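Enquirer: Sequence:
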Amino acid sequence: MRKEFLALFVGTIFLMAVLYWNDHNKSVDKIKPVAASARIQPESVSSNPQNNFPNQITSADSSTTASVVPVTEVENHKQFAAHLKTLSQCLQIKNNVDYDQVDPTFDNLIVSLKPAMGDVTVFTDDWAQTDLQYSDGTLKRLRVEVGYDDPGNPSKYLQVYKLNEQNIPEIENLDPQQTTNPSDEYVESMKTGANILLHEKGGRAYFPGGEEMIVIERNGKLESFTMTKNNKTISCNTMTSAASNCQCF
113 MRKEFLALFV GTIFLMAVLY WNDHNKSVDK IKPVAASARI QPESVSSNPQ
163 NNFPNQITSA DSSTTASVVP VTEVENHKQF AAHLKTLSQC LQIKNNVDYD
213 QVDPTFDNLI VSLKPAMGDV TVFTDDWAQT DLQYSDGTLK RLRVEVGYDD
263 PGNPSKYLQV YKLNEQNIPE IENLDPQQTT NPSDEYVESM KTGANILLHE
313 KGGRAYFPGG EEMIVIERNG KLESFTMTKN NKTISCNTMT SAASNCQCF
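According to the working numbering, the sequence shown holds residues 113 to 361 in order.
Just so you know, not all the hints are guaranteed correct.
Unchecked claim - Here are the computed lysine to any residue pairs in the SDA-like style, where the Cα-Cα straight-line distance is at most 20 Å:
hint	residue 1	residue 2
1	LYS206	PHE361
2	LYS197	ASN207
3	LYS252	LYS197
4	LYS274	LEU251
As the list claims (entries may be wrong) - Listed next, with one range per pair, are the computed distances between beta-carbon atoms:
hint	residue 1	residue 2	range
5	SER247	ASP287	17 to 27 Å
6	VAL232	ASP261	15 to 25 Å
7	GLY322	LYS197	20 to 30 Å
8	ASP219	ASN342	22 to 32 Å
9	GLN271	ILE326	14 to 24 Å
Simulated from the structure, these hints should not be mistaken for laboratory data. In this text, all values refer to a predicted model and were calculated from it rather than measured experimentally. We put the CB at the ideal spot given by N, CA and C, even for glycine.
Full structure from sequences and hints, please.
Expert: Right, dumping it as structure tokens:
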């Protein structure tokens, strides 16, 4: 009796193991097609081009350590040409993207946009800033800001800073008559005998459709720009750096 009971028990265990193995194999066969389709799915193309465009575009990895290495002129021109293509995708416009290398200047950006946006109707200067080094080693920063409280008669305000040993700006006291609406000649006279280390300026460009572009230039090159069209905004920064990047949102 004990042997028969033991044989029956072993047989039951064996039958359960066989049934479990068959069921497990069937389950794996069902998972494989799902896993395969999951791998293929990201490559499928939507009939709506906007759905294929990511919420955020990065033309260059902003986390790269290449930002500490000066970018070559050729690489910089290739980067900017790629940014113009990113702009086209983001804003869903047909701008000029026919070149593989483009010098990152404000003028070239406007030329690229002209087929889609038209000519700039108004450009406003918002500020300009120049870092200077004088013969005795003194470092100064001249900053001119433009106010548009009266759009027909904008006002200019001059500020002068001395950069201390920690490169922290310390404002200098000037005659109010010299700081409000200073002449261009007066501002230029303050640069006499000094070496220009850096020149930046910011402004806004407006297009026939009412679109606004915010622009910053550095040493004659485009440093950054932001604009909105078709409910999309593109923001591109550090155009002259190896870490230049554009984001679309």
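Enquirer: Now look at each hint and say whether the structure bears it out.
Expert: Each hint, compared with the structure:
1. For the hint pairing LYS206 with PHE361, the CA-to-CA distance comes to about 18 Å; that is within 20 Å, so the pair holds.
2. Our distance criterion of 20 Å between C-alpha atoms is met by LYS197 and ASN207, whose separation comes to about 8 Å.
3. This hinted pair does not check out: LYS252 and LYS197 have alpha carbons roughly 39 Å apart, beyond 20 Å.
4. Taking the CA atoms of LYS274 and LEU251, the gap is about 6 Å. The hint holds against a cut of 20 Å.
5. At roughly 24 Å, the beta-carbon separation of SER247 and ASP287 lies within the given 17 to 27 Å, and the hint holds.
6. In this structure the supplied range 15 to 25 Å holds for VAL232 paired with ASP261, their Cβ-Cβ distance being about 23 Å.
7. Checking the proposed 20 to 30 Å range against GLY322 and LYS197 shows it holds: the Cβ atoms sit about 25 Å from each other.
8. At about 24 Å, the beta-carbon gap between ASP219 and ASN342 stays in the expected band of 22 to 32 Å.
9. Take GLN271 and ILE326: their Cβ atoms lie about 21 Å apart, and the range 14 to 24 Å holds.
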